Structure formats: structure tokens, C-alpha cells
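**Student:** One letter stands for each residue in the lines below.
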Amino acid sequence: MTELPIILAGIAFMTIVLIQIARKSMLVVELFVVQSAAVIALLAWSSRDHATLTLVATILAIVAVKLFVAPFFLKRLIATHASRFSSSTYLSGPNTLIVLALIIALSSSYLFKPLAVIAPGAQTLLFLSIASLFCALFIVINRQGALSQMIGILSMENSIVMMALAAGLEQSPALQLGITFDLLLWVCVAYIFLSLLYRQFGSLDVTQLRRLKD
Amino acid sequence: MTALISSTGFISTLILFALGAIGSLLAMKSDRISGAIGTTAALLGSVLALTIGSGALISHTPIALQLNSTLPLLSFSFGIDALSAFFVTIIALIATIASLYAFGYIKHFTPAYRLGRLGFFYNIFIASMLLVVTAQNIVAFLIAWELMSLSTYFLVIYEYREQTNIKAGTRYFIMMHVSFAFIMLAMLLLYRATGTLGFANMAPALTTASPLMLGAILLCALVGFGIKAGIIPLHIWLPDAHPAAPSHVSALMSGVMIKTGIYMMIRIFFIIMPTPPLWFGLAVLTIAIISSILGVLYALSEHDIKRLLAYHSIENIGIILLGVGSALIFLSLGLPALAQIALIAGLFHTLNHAIFKALLFLSAGSVVSQKHTRDMEHYGGLIKYMPVTAVSFLVGAMAISALPPLNGFVSEWLTFQSLFAGIIHGNSMTLSIAFTLAVGGLALTSGLAAACFVKAFGVIFLARPRSEEISHAHEMPLSSQLSMLILAALTLIVAVQSSFIVHTLASITGTFSAFSNTASAFSSQPFTITLGAGSAISMTMVALTLILAILLALWIVSLIGGRRRVEVGTTWDCGTPLSPRMEITAFGFAHSIITVMRGIMRPTRQSSVEYQDANIRYFPAEHSIHFFTHDFATTHLYRPLDRTLARASQIIGRIQNGSVNAYVLYMFMTLLALFVVISLGII
Chain A
1 MTELPIILAG IAFMTIVLIQ IARKSMLVVE LFVVQSAAVI ALLAWSSRDH ATLTLVATIL
61 AIVAVKLFVA PFFLKRLIAT HASRFSSSTY LSGPNTLIVL ALIIALSSSY LFKPLAVIAP
121 GAQTLLFLSI ASLFCALFIV INRQGALSQM IGILSMENSI VMMALAAGLE QSPALQLGIT
181 FDLLLWVCVA YIFLSLLYRQ FGSLDVTQLR RLKD
Chain B
1 MTALISSTGF ISTLILFALG AIGSLLAMKS DRISGAIGTT AALLGSVLAL TIGSGALISH
61 TPIALQLNST LPLLSFSFGI DALSAFFVTI IALIATIASL YAFGYIKHFT PAYRLGRLGF
121 FYNIFIASML LVVTAQNIVA FLIAWELMSL STYFLVIYEY REQTNIKAGT RYFIMMHVSF
181 AFIMLAMLLL YRATGTLGFA NMAPALTTAS PLMLGAILLC ALVGFGIKAG IIPLHIWLPD
241 AHPAAPSHVS ALMSGVMIKT GIYMMIRIFF IIMPTPPLWF GLAVLTIAII SSILGVLYAL
301 SEHDIKRLLA YHSIENIGII LLGVGSALIF LSLGLPALAQ IALIAGLFHT LNHAIFKALL
361 FLSAGSVVSQ KHTRDMEHYG GLIKYMPVTA VSFLVGAMAI SALPPLNGFV SEWLTFQSLF
421 AGIIHGNSMT LSIAFTLAVG GLALTSGLAA ACFVKAFGVI FLARPRSEEI SHAHEMPLSS
481 QLSMLILAAL TLIVAVQSSF IVHTLASITG TFSAFSNTAS AFSSQPFTIT LGAGSAISMT
541 MVALTLILAI LLALWIVSLI GGRRRVEVGT TWDCGTPLSP RMEITAFGFA HSIITVMRGI
601 MRPTRQSSVE YQDANIRYFP AEHSIHFFTH DFATTHLYRP LDRTLARASQ IIGRIQNGSV
661 NAYVLYMFMT LLALFVVISL GII
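First to last, the sequence lines map onto chains A and B. Residue numbers for the first sequence follow the numbering used here, beginning at 1 and rising by one. Residue numbers for the second sequence follow the numbering used here, beginning at 1 and rising by one.
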């Protein structure tokens, strides 16, 4: 049972790695759903001892936003504009994997040892979260598609939640609700913004968005 | 009267300036009303500040104003101690006269430019200068300093339709912020070394600071405040910015604003810091020699009357720093009595320069307002049409050339005394050479300044008008004439009362920690300045002797020539009518001196000939020679620096490629770098 958080964090981490190499847009959205589910499960597990009605409501709100609303908007974006998830990356496939390996190695190296003090009892979970955070950041750096970058940012948010859980920095349900609401708004705004971008440029590849059209 | 010399009086002054600024802005639609509000408030505020400053100075009453907050960074303290009182008096005196002048002067800006804007920034400018010299903690000082720089920037670009003014303003803005960066660094270092934000508590804590820290503070302060003061080679903003502003603002900028740099140098070097190292005093003295000589040389090559005056400000800042630098050297040699004399010479010249430079700028403003050009070559013969302005300019020119019996002479005499003392007491060859060069430099500067003003006065006011418009020139309104005459009278009054002023300055410097245990170097005799070493001068006697000599000369002339009949006839003109082309030009006058100094000034000459018939080149129609001198700091320092920065910017600009991915990568790399730094224990 004590391995459950690590297993859940591992699942989330693996989905982030898989997103890097996934080619199909729908698959990426589904991987994000799995990742979010793992993070929500981790959140629920960490609050099992002091479960309150407000906390349950908060978790349900997070479930609604991350498992239903966000994927709904992402899938709708793909369906409406028939935009394919841009699989183009700045680095080639093998190079992407090499960089990923380096990031993971770096995350577990002595460089991040000073951070161990913030989670003395959950170091594996902490380093997994750091690795997830950097890998998610790498999605934003390496992918050329705006949709991939959006998922990269959502994955970063998930990684930050994992890191906070590992460090024992859980916040009050009210604050978590606020963050979730924030996320909901962000997804809505990003959806509208990407729709407008697609209408203007006919693509969501950031390399094509060089000049603003009249 | 006593009630005014208090924090309430000081707050009332600031309220007057605030009302003037806001009132001018609110009445912006009517130039007549906004101009009247802005100028009247500035005049009343300045008069009140003059009363408070001079009252505090004479009665030795310090004023303190504390605005506390729970956050230390938002607690401001202002106060008027002896040094502040002296500078408040100078600022308020010149601001009063400049505001009086403005009543008649600012009308010529309408309707092209709004007077509401001028009144707004003018009031803020004067108030900010007063705040700078009264700020008693770092935060209050920095805010006031920035307010002063920003308000003057808007005054420099007041005539914003002139492209040259915009360029001057931009240069001023950049240089002021470079200056601010150095000042901020000096202040942060002071805070780090002392752990306090208040200037009054810094001195004891600095006695244990390391020499490296003290050296860093001194250098940052010298560069930061040196840019504001206009020392060479940090002066490049000054010859452009001062002429660009309206003349009454130029008078304030040149007469007092640049002195705020000197004020802070004196506060840091003599009150806050412990005894400075010898190398630092030598560095200040060297900068002073270079600034005074090059300042006057560049002035000599100028045709633009306001630029000429601006370069003279650099020269005079050099003369003030000769006193300050000598004082620093004497302190490090353990000669506080001599240091006090040298510092008093510097402070006295600060007052004198404020008076005669304001007078010269106001006179120049009157001249420029007639023909709307600053080029001296377009004037000539103005003494006939503007006699009050001509006399005022002449008095200012005599004072700046250090001719007796005017005020410039006294402070330069004191500076000479301290430099001679340096030659006698300098305990090494380096010091003897430095002081000898300083004496030579000051003598050369005075001579060249006289030559420069002979040129300026001769070309503008004497001979024949160089254009038809000059014959329509007329005096400025009465308020402007009155302000010039007051300043002209002050050049004589200050000189005659120099003994009183020197003793007041001795009591001011006596409050500095550096001179707290020093016996006064001046003996107290009325109307005479007597130095401990035996040198003495009585300006009253000098003035009386000169007046008697002039009267005697006039009497002799009337005796010899009084019975002769004077016949006025036409000047023989070789059969051709006399024209302005036959008059000596400003260029022609300065040419010989510039040629002698060509090693330093590197003049370039460009001549062109236009022929009557371009195909038959025997009969020239016009032969023109253009003579240029280039500011060495611009050609050898700022242009290469500009090129290097442009190249570096191009390289760095590649980082900003418009790709979001790249920007996220930079963040990622920075994050990793920070982790590396922390892991390796660098921080």
C-alpha cells in the first residue's frame, strides 16, 4: 500500500514521457487524461486520513475539470478544426529520447540533492515529480504544435501538484478549488485563443505563426 | 520669522510648489492663467524656501521632518542641517530670481507651446532640488533625485518640435539613468556597510568598513554624482541639455542643479565617510584640472551662446572640484585646517557660480528671445538696443572671468591659496607636481575664460548689427530686467561681503566630522579674509580702490581731453560701404587660440568656394570656411562605446528570436544553472 503513491506518480511520469513520442493527437489527449487521473488518485490518497466533505467536493471539481472539461475542449478543438496534433519537434526522435534520458538522470543527480530536505520521507516521489516537471517543460520546448504546448503546460501543472504532495505542501481545499477554477478558465481562454489562431493562420504550428495577419 | 524656520515652514514650501504644479496643469487651457499660476507659486515657494534656508543658516537652527511608516523602506526623513541650509539658500535664491525673470520671459513660448506644462514641471523641478538637498535617508534621497532628473528631462524637451531638443533630452535621460545606477550602487554599498538607511547614522559604522568597500563607495559616488555635475569625460549630456531648456530653467540647471552632485559629493566625502585615501583626492584633483581646462577650451570654440555657457559650467565645476580635491588630499595628509580652507573655496565658488551663471543664462535668454537663434554670429551691436541686458551680461562675464572686484575673483583667490599651500605642504613629488599643474591650470582657465567672454560680449553686443532684425530688438519686460540687475548687484555684494560669507562657510564646514576638532583657519576681522598662513584680502578695499582708480582715470582723461573739440565723422571705408561682413566673427576671434591648442582640440577645417561661373573658375562668389572642434569624449569614448554596444546588442538580439520554445528553453537553462550554483555552494 505504501508503494501506491510511487506507482501513481510513476504512471503520471510515464504518460509525460509517452506524450513526447506520441504521434496521434487523440492519443495524446487520452494520455493526458490517464496522467490527470493518476494525479487525482494521488491527491485523494494523500487526503484519505482527513477526508471532509469540502475536500471531496474539491476532488470532484478537479476530476470534472481535468478528466472531462479539459479533454472535452481539446478533443473539440481537434474535431472542429480538423487540426492534427502536430508531431513535429525541433529535435529528432532519437535525440528527443537522449535529452529525456539526460533530464531524468539530471533530476536524480546530486544537483538536486539540496531539495531532498523538503521531503525527507518521500524522496522517490519528489524526484519523480521533478523529473516529470522537467519532462513536461521539455514538451513545451521541443514540440512545435501549439496544442502540444498546451498539454505540456497542463502536464507541468500536474507535476507541480505531485511535487507539492511529495513535499507535504497540500493547501486548504478553498485554495485548491481556486487553483482548479483558475485552470478551468485557462483551458477556456486557451481554447478560444487557439481557435482564433487557427482561423488566422490555418495552422497551430508555432513556426508558422511568424507574422500577425491583418 | 522664527515660526517659518521649522518643519511646518518647509512643508508649506512644498505645498506651494505642489499647488503651482497642479494649478498650472488644471488651467492648461489658458496660457495666461496657467503661466501666472506656475510662476507665482514658484516665486512664492522659492521666497519661502530662501527665508527658511538663510534663516536656518544664520540662526544655526536645524530642521527635521520625519514621515514614518511601519515599513522601513517607506519611511522618509528630511532635514536641514548646516550644509543643507547652504544649498537650500543657493537653490532658493536662484529659483526666486529665475521665477521673477520667467514672468516676462515665458510669454514668447505661446501659442506654440503650452505654459501649463512648463509650470507643472518647473515647480516639480524646484521642489525636487530642495528635497534632494534636504533628504536625510537613502530612499527619500533616491526618490527626490529621480524626480529631479525626470522633471528636468521634460523641461529639456519642452520645445518638443525641435528635433535637436528631443535628441538632447534623450541623451540627458540616458546619462541621468547611468548616473542613477552608480548612485544606487553607492547607496546600496553604504547600506550594506552600515546597516542603516539614514545618512546621520552612517559615519560611525563606516569606521570599521574595509578599504575595498570604502574605495568602491567613493568611486561609485564620484561617477554617479560626477555625471550630474558634468565632470569630463562624463559631461556629454550637459552642452546639449542646458541650451535646449527654456533660459530660466537653463539658469537653474546650470546654476544650481549640477551643484546637487557637488552637494552629495561633499556630504559623502566629508561627513559620511572617514578620512579618504590619498589616491582618491588625487583622482578628484586630476579630474578637476582636466574639466576646467577642457571646459573652457570647448567653450571658446562655440558659436552657440547657450552651449558656450554650458561648457563654462563644466569649467566651473572643475574649479569647484579643485577645492574639493585639494581638501581631500589635505585631509589624507592630516592637514585639516588647510582642507577646510580648500573646501570653503569650493563651496564659495559654488555660490558664486550659481549667481553669475544664472545671470549669464538669463541675459543670453533675453538675447535669444529677440532673434530665436543661439548662433552668436547673427547678433552684433545689441548694446544699443538692449543696454540693461548688455550691462548684465558684461558684469556676469567679468565675474566668471574672475575679475576684481566681483565675486568670482574671491573664490578663485581662495582656491589659488589652497593650491599654493598644496605645493608647499605636499610631501611627495607627485603631490607637488599635481598642485603645480592645478595652479597652472587654474591660471590658464581664468585667462581663457576672459578671452572667451571678450569674444562673446564683443560679437553679441558690440560693433554693428549683423542683420536687419537686430535693429528691432528691445529689452525684455521689467521683471526680467529687474532679475538680471539683482543678480548683477549680487556679484558685487557677495564679493564685498566675502569675509562674512567665508566665516559662515567656516561655521558650516566646522560641523563636519572631518573638521570637528579643527581650529578655524580664518581670523575674524571685518571686511577682510585672513588666512592662518598670513595671506589676507579685503574685497571692500579692492572694490574701493578700483572705483577710485576708475574715477581718477576719468578725471585725468577729462583734464587732458576735456578742452578738445570732438568731431564725429564717417569712418573711412576704402570706398565700399561698411557691412557686417567686415566685422570680426566669433570664429575669427577664437581661431588663433584654438590653433595654439590644436594638439588638444584637434580642429578640422572644411572650406568651400562658389564661383560666379562654375565653368570659368576665376571669379569666386563666396568663399566659406567651416571650422569644427570635436569633443574628445564623444569621439574617443562614447562613439566607440556606442559601436561596441550596438555590436553586442546585435549578437544578444539573436537570443530574442520570437520562438516561445526558445524562451521556455532559456527559463529551463536558467533554472538548471541556479540549481548548479546552489549545489556547488557558490551562493
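By construction, these hints were calculated from the structure, which means they are not laboratory data. Just so you know, not all the hints are guaranteed correct.
[As the list claims (entries may be wrong)] Negatives, chain A to chain B, calculated, CB over 12 Å:
no.: 1; residue: 103
no.: 2; residue: 111
no.: 3; residue: 153
no.: 4; residue: 202
[What the hints assert, rightly or not] Pulled from the structure, derived: some chain A residues nowhere near chain B, Cβ distances all over 12 Å:
no.: 5; residue: 5
no.: 6; residue: 21
no.: 7; residue: 23
no.: 8; residue: 49
no.: 9; residue: 56
no.: 10; residue: 69
no.: 11; residue: 109
no.: 12; residue: 110
no.: 13; residue: 114
no.: 14; residue: 115
no.: 15; residue: 133
no.: 16; residue: 146
no.: 17; residue: 152
no.: 18; residue: 175
no.: 19; residue: 191
no.: 20; residue: 203
[What the hints assert, rightly or not] Some chain B residues judged to face chain A by a derived CB distance under 7 Å, without partners named:
no.: 21; residue: 650
no.: 22; residue: 651
no.: 23; residue: 665
no.: 24; residue: 668
The structure displayed is predicted, hence computed values, not measured ones. We treat Cβ as the ideally placed atom computed from N, Cα and C, and that holds for glycine.
**Student:** None of the hints should be skipped; say for each whether it holds.
**Tutor:** A quick look at each hint next to the structure:
Distance check for residue 103 of chain A against chain B: the nearest CB is about 9 Å away, which does not clear 12 Å, and the non-interface claim fails. With 12 Å as the threshold on Cβ separation, the claim that residue 111 of chain A sits away from chain B is violated: the shortest Cβ distance comes to roughly 5 Å. Non-interface status of residue 153 of chain A relative to chain B is broken: a Cβ of that chain comes within 12 Å, the nearest being about 10 Å off. The claim that residue 202 of chain A is not at the interface with chain B holds, since no C-beta of that chain comes within 12 Å of its own (minimum 19 Å).
No beta-carbon of chain B comes within 12 Å of the beta-carbon of residue 5 of chain A; the shortest separation is about 24 Å. Non-interface call for residue 21 of chain A relative to chain B: holds, since the shortest CB-CB distance, roughly 17 Å, exceeds 12 Å. Residue placement check: residue 23 of chain A keeps its beta carbon more than 12 Å from all beta carbons of chain B (closest about 19 Å). With a cut of 12 Å on Cβ distances, residue 49 of chain A stays outside the contact zone with chain B, its closest approach being about 33 Å.
The non-interface label for residue 56 of chain A is consistent with chain B: the shortest C-beta to C-beta separation is roughly 35 Å, beyond 12 Å. For residue 69 of chain A, the non-interface assignment is confirmed: its Cβ lies about 24 Å from the closest Cβ of chain B, beyond the 12 Å cut-off. With a cut of 12 Å on Cβ distances, residue 109 of chain A falls inside the contact zone with chain B, its closest approach being about 9 Å. Distance check on residue 110 of chain A: its Cβ comes as close as 7 Å (rounded) to a Cβ of chain B, failing to clear the 12 Å threshold; non-interface status is violated.
Not every Cβ of chain B is farther than 12 Å from the Cβ of residue 114 of chain A; the closest lies at roughly 6 Å, contradicting the non-interface assignment. Not every beta carbon of chain B lies more than 12 Å from that of residue 115 of chain A, the smallest distance being close to 8 Å; the non-interface claim is violated. Distance to chain B contradicts residue 133 of chain A as a non-interface residue, since its nearest Cβ pair spans about 10 Å, not more than 12 Å. Separation of residue 146 of chain A from chain B is inadequate, the least Cβ-Cβ distance of about 9 Å not exceeding the 12 Å criterion.
With a least CB separation of 9 Å from chain B, residue 152 of chain A falls inside the 12 Å interface cut-off, contrary to its annotation. The claim that residue 175 of chain A is not at the interface with chain B holds, since no C-beta of that chain comes within 12 Å of its own (minimum 24 Å). Look at residue 191 of chain A: its CB is around 18 Å from the nearest CB on chain B, clear of 12 Å, so calling it non-interface holds up. Once the 12 Å rule is applied to beta carbons, residue 203 of chain A is consistent with being away from chain B; the minimum gap is 15 Å.
Checking residue 650 of chain B against chain A: minimum C-beta separation of about 20 Å lies over 7 Å; hint violated. At its closest, the beta carbon of residue 651 of chain B sits 22 Å from a beta carbon of chain A; the interface hint therefore is violated under the 7 Å criterion. Hint status for residue 665 of chain B relative to chain A: holds, with the closest Cβ pair at about 5 Å, below 7 Å. The beta carbon of residue 668 of chain B comes within 5 Å of a beta carbon in chain A, closer than 7 Å, and the hint placing it at the interface holds.
Checked against the numbered hints given earlier, the structure breaks hints 1, 2, 3, 11, 12, 13, 14, 15, 16, 17, 21, 22 and satisfies all the rest.
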